[in-house]
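Read top to bottom, the protein sequences are chains A and B.
The numbering used here numbers the first residue of the first sequence as 5 and each following residue consecutively.
The numbering used here numbers the first residue of the second sequence as 379 and each following residue consecutively.
No lab work stands behind these hints, which were simulated from the structure alone.
Don't take each hint at face value.
[What the hints assert, rightly or not] With a cut-off of at most 30 angstroms between alpha-carbon atoms, the simulated DSSO-like pairs for lysine-lysine come out as follows:
{"no.": "1", "chain 1": "A", "residue 1": "175", "chain 2": "A", "residue 2": "148"}
{"no.": "2", "chain 1": "A", "residue 1": "154", "chain 2": "A", "residue 2": "175"}
{"no.": "3", "chain 1": "A", "residue 1": "189", "chain 2": "B", "residue 2": "437"}
{"no.": "4", "chain 1": "B", "residue 1": "513", "chain 2": "B", "residue 2": "571"}
{"no.": "5", "chain 1": "A", "residue 1": "189", "chain 2": "A", "residue 2": "154"}
{"no.": "6", "chain 1": "A", "residue 1": "127", "chain 2": "A", "residue 2": "189"}
{"no.": "7", "chain 1": "B", "residue 1": "571", "chain 2": "B", "residue 2": "437"}
{"no.": "8", "chain 1": "A", "residue 1": "127", "chain 2": "A", "residue 2": "148"}
{"no.": "9", "chain 1": "A", "residue 1": "148", "chain 2": "A", "residue 2": "189"}
{"no.": "10", "chain 1": "A", "residue 1": "154", "chain 2": "A", "residue 2": "127"}
{"no.": "11", "chain 1": "B", "residue 1": "513", "chain 2": "A", "residue 2": "148"}
{"no.": "12", "chain 1": "A", "residue 1": "189", "chain 2": "A", "residue 2": "175"}
{"no.": "13", "chain 1": "B", "residue 1": "571", "chain 2": "A", "residue 2": "127"}
{"no.": "14", "chain 1": "B", "residue 1": "571", "chain 2": "A", "residue 2": "175"}
{"no.": "15", "chain 1": "A", "residue 1": "148", "chain 2": "B", "residue 2": "571"}
{"no.": "16", "chain 1": "A", "residue 1": "154", "chain 2": "B", "residue 2": "513"}
{"no.": "17", "chain 1": "B", "residue 1": "489", "chain 2": "B", "residue 2": "437"}
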Amino acid sequence: MAEERRDDGIPGQALTPLVEVSGLSVEFGGIAAVHELTFAVSRCEIVALMGPNGAGKTTTFHLIAGARQPGSGRIMFDGRDLAGLRPDARCRLGVARTFQITQPFQELSVTENVMVGAMMHHKRLPDARAAARRYVELVGLADKADAPAKGLSTGQRKRLELARAIATRPKLLLMDEVTGGIDQKSIPGMIELVRRLREQGLTVIMIEHNMRVIGEVADRAIFMNRGVKIAEGTPADIARHPDVIDLYLGDAAHG
Amino acid sequence: MFQPLRLNALLTAVVAALVVLGLPLLGVGSYVLHVMILIMIFAIFAVAYNLVTGYLGLKTFGHHAFFGLGAYGSALISIHLGIGAWASLWIGAALAAAFGLFIGLPILRIKSMAHVAVVTLAFAEIVRLSCSNLKGLTRGELGLWGIPAFQALHLPLVGEVVFSPANKIGYYYLAALLLGMTLLATAVILRSKIGLAILAIRDGEDAAESLGVNLTRIKLGVFAVSAFMVGVAGAFYAHYVGILTPSAAIGADLMILVIAMVLVGGLGTFAGPLVGAVLLTSSAESLRFLDQYRLLVYGGLIVLIVLFAPRGLASLRLPGRRVPERPA
Ligand SMILES: Nc1ncnc2c1ncn2[C@@H]1O[C@H](COP(=O)(O)OP(=O)(O)OP(=O)(O)O)[C@@H](O)[C@H]1O
Ligand SMILES: [Mg+2]
Chain A
5 MAEERRDDGI
15 PGQALTPLVE
25 VSGLSVEFGG
35 IAAVHELTFA
45 VSRCEIVALM
55 GPNGAGKTTT
65 FHLIAGARQP
75 GSGRIMFDGR
85 DLAGLRPDAR
95 CRLGVARTFQ
105 ITQPFQELSV
115 TENVMVGAMM
125 HHKRLPDARA
135 AARRYVELVG
145 LADKADAPAK
155 GLSTGQRKRL
165 ELARAIATRP
175 KLLLMDEVTG
185 GIDQKSIPGM
195 IELVRRLREQ
205 GLTVIMIEHN
215 MRVIGEVADR
225 AIFMNRGVKI
235 AEGTPADIAR
245 HPDVIDLYLG
255 DAAHG
Chain B
379 MFQPLRLNAL
389 LTAVVAALVV
399 LGLPLLGVGS
409 YVLHVMILIM
419 IFAIFAVAYN
429 LVTGYLGLKT
439 FGHHAFFGLG
449 AYGSALISIH
459 LGIGAWASLW
469 IGAALAAAFG
479 LFIGLPILRI
489 KSMAHVAVVT
499 LAFAEIVRLS
509 CSNLKGLTRG
519 ELGLWGIPAF
529 QALHLPLVGE
539 VVFSPANKIG
549 YYYLAALLLG
559 MTLLATAVIL
569 RSKIGLAILA
579 IRDGEDAAES
589 LGVNLTRIKL
599 GVFAVSAFMV
609 GVAGAFYAHY
619 VGILTPSAAI
629 GADLMILVIA
639 MVLVGGLGTF
649 AGPLVGAVLL
659 TSSAESLRFL
669 DQYRLLVYGG
679 LIVLIVLFAP
689 RGLASLRLPG
699 RRVPERPA
C-alpha cells in the first residue's frame, strides 16, 4: 500500500515516513502529559492511537497539529520540521484534525462549516460551497446540509468535524474519537469511508477505543499510558500485549 | 448567518435609502438635518465597531481613539499643511487605521477578553491625554477651532454644493454617502471568504485556525478596516462641527454611547448598529426637555431594551409576520 503512492515523484520519497515524531514531551503543571514519545507513520498507513483516559492521546494530536508547543522533541512532516508553525500553517502543509470535544461553528450552517475548510483550495466562494456539499454528503449529513450547526446531535457533530477536516484535502488526518457518540449501525459506513480516503492517498492516525473499528481498519496500533508509549504493533499484537490487557482491555472489553 | 440576501432585507434597504435621500427634499429644518447628520456619523462608528466586536468577537473598548485620531489628524493636516478637507479626511482615516494595526498587534495575542478590554481602553486614554497635553498643537481642552470646512463643489446637474453651518444639505448628503460606502464595504467583506473566516473565528478560534484560517491576518485586517471607518467618521465630524476638544472627540462616553447603540440595535447583526444609532441619537435629542433627568430616562430606556430584547431590536420580528422557522 505505502509504496503505491509517490505523489511528488521524488525517488525514495515514498520510503520516508510521512510523520516522524521523536522524543516528544510536554508537561502541564509539572505533570508529564506526553513523555519522550517516538513513532513514525508511513504514507497511506492507518494507525490507531490507543490508551486509557488521560494517556496523552489528544495532547499528542494537539502537538502534531500545532495547537500546543512541545517542551522538547521534534515532529517531522513530509520532510519538514513543524517546529514553530501555527496550526493554520500546518493545515496548509496538509495536517488536518478533528476535535474530541467537537467545536462546530454554531451560528453557521453545516455546509458553511465545511466551507471554512474548503476555502483553502477554492478561490471562489461558490466553488467552496459546491465542494463543501460533496464532503457533507460523503460523511452522511446531506439531510442537515442547510441546518444550523448548533442543532446537531453528538454523532452528527463528529461527522461534521470529519467533513471539515477532509475538506482541507490533507495528507494526514488526525481523527480524535470520531466513532464516539455515533450510533452503532453507522460505524461500518465510517470504516468504509476511512478506507476509501486511504485509497485516495490519505494517511490517518485515529484515536479510537472501539476494538472492532481498530481491528477492521488499522494497519498498526500504538498504545500509550501516562504519556508514554508502552506498546506498538498490529492491532492483534496489541490486543494480546499483557500490559495492555492489564491497563485497558480488562475493563474496556466488558464496558 | 452567512446566507444569500433575502428579498425583505433588500427591500428594507432600498426603502431606507430612499427615505434618507428624500428627506431634505421635504423642506425639513436645519435642526432635523443636524440630528440626521449626527445619526449618520454615529452609524458609521457603530457599524465599524460592530464589525470588530459583533462579527469578529473581539471585545474592544477603545475605538473612540480612532474617532479622535481621524478627527484631530484630518483637522491638523488641513490647518497646518493647507490640504483641503476632501483629502485630509482620508489621510486622517489612514492615520487611524495605522494606529489600529499598531494596537491590534499586541491585543490579538491576548486570549482573555478582560485584558483586551483594559488594553484598548488604556490605549484610547493615552490618545486622549496626549491630545489634551499637546497644547501647542491641539490647544487641549480649550478646543481646536478654525478647522476648514469642505470646499464647495460644482456638480453637473446639481450646481454648486456648499458646506456651511447655515446650509447643511451638502453635509447631509456627504454623510449619507460616507455611511453608504461604509455599509457597502461591510456587506462586501462579510459576504466574501474573509466574512466566512470572520464568523468562524467568532464561533471558534481554535477550530478556525486548525482549518487553515490565519487568525492574525484576518483579525489585524478587520481591525484596521474598522479603525479606518471610525477614522472617516471622526474626520467628517471635525470638518462638520469645526471645533474639537479631546473630551468630545476622544471621550470614553463616546465609546459607551456607541456600545449602547450596538447592544440596543443588535450585536452582530447588519441592521443593528443603524437601528441603535437612530434610536439613541434621536431619543437623546428629543429628551432634552427633561433637562437633568434626561440621562436617567435615557439610561432606563437602554436597560429596558436590553432586558426585553437581549439580542437587540434588529432581531425582533413584527407581530403577525411569520418568523422563518429554523430547525433547532
Ligand atoms: N490544558 C491542560 N492543562 C492541564 N492539564 C492538561 C491539559 N490538557 C491535558 N491535560 C492533562 O494531560 C493528560 C493527558 O490528557 P489528554 O487529553 O491528552 O488525554 P487523552 O489520552 O486524550 O484522554 P481521553 O481518552 O480521556 O481523551 C491528562 O492528565 C490531562 O489531565
Ligand atoms: Mg482525548
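message: With the threshold set at 30 angstroms, check whether the alpha-carbon distance from residue 148 of chain A to residue 189 of chain A stays at or below it.
response: holds, 19 angstroms
query: Does residue 189 of chain A pair with residue 437 of chain B here, judged by a C-alpha cut-off of 30 angstroms?
result: Judged against 30 angstroms, a Cα distance of about 44 angstroms means the pair is violated.
query: Is it true that the CA of residue 154 of chain A sits at most 30 angstroms from the CA of residue 127 of chain A?
result: The given pair, whose Cα atoms are some 27 angstroms apart, holds under the 30 angstroms limit.
task: For the pair supplied as a hint, residue 489 of chain B and residue 437 of chain B, confirm whether the alpha-carbon distance does not exceed 30 angstroms.
output: The hint holds at about 11 angstroms.
query: Does the alpha-carbon distance linking residue 513 of chain B and residue 571 of chain B stay inside the 30 angstroms limit?
result: Given pair residue 513 of chain B, residue 571 of chain B is violated - Cα atoms ~45 angstroms apart, limit 30 angstroms.
- prompt: Has the given pair, residue 154 of chain A with residue 175 of chain A, been kept, meaning a C-alpha gap of at most 30 angstroms?
  reply: Satisfied, since the Cα-Cα distance of roughly 29 angstroms is no more than 30 angstroms.
- prompt: Given the proposed pairing of residue 571 of chain B with residue 127 of chain A, does the C-alpha separation stay at or below 30 angstroms?
  reply: With Cα atoms ~9 angstroms apart, residue 571 of chain B and residue 127 of chain A stay inside 30 angstroms; holds.
field: Pair hint residue 127 of chain A and residue 189 of chain A, alpha-carbon separation not exceeding 30 angstroms
entry: violated, 38 angstroms
task: Take a quick look at whether residue 148 of chain A and residue 571 of chain B sit within 30 angstroms of each other, Cα to Cα.
output: Answer holds: residue 148 of chain A to residue 571 of chain B is near 22 angstroms, not above 30 angstroms.
- request: Could you grab the alpha-carbon distance between residue 175 of chain A and residue 148 of chain A and see if it respects the 30 angstroms cut-off?
  value: Answer holds: residue 175 of chain A to residue 148 of chain A is near 27 angstroms, not above 30 angstroms.
query: Taking only the CA atoms, is the gap from residue 513 of chain B to residue 148 of chain A under or equal to 30 angstroms?
result: Not OK: residue 513 of chain B and residue 148 of chain A at ~62 angstroms, beyond 30 angstroms, violated.
task: Quickly compare the C-alpha distance for residue 571 of chain B and residue 175 of chain A to 30 angstroms and report which way the hint goes.
output: At roughly 23 angstroms apart (the allowed maximum being 30 angstroms), residue 175 of chain A and residue 571 of chain B satisfy the hint.
Hint compliance for this structure: hints 3, 4, 6, 11, 16 are broken, all remaining hints hold.
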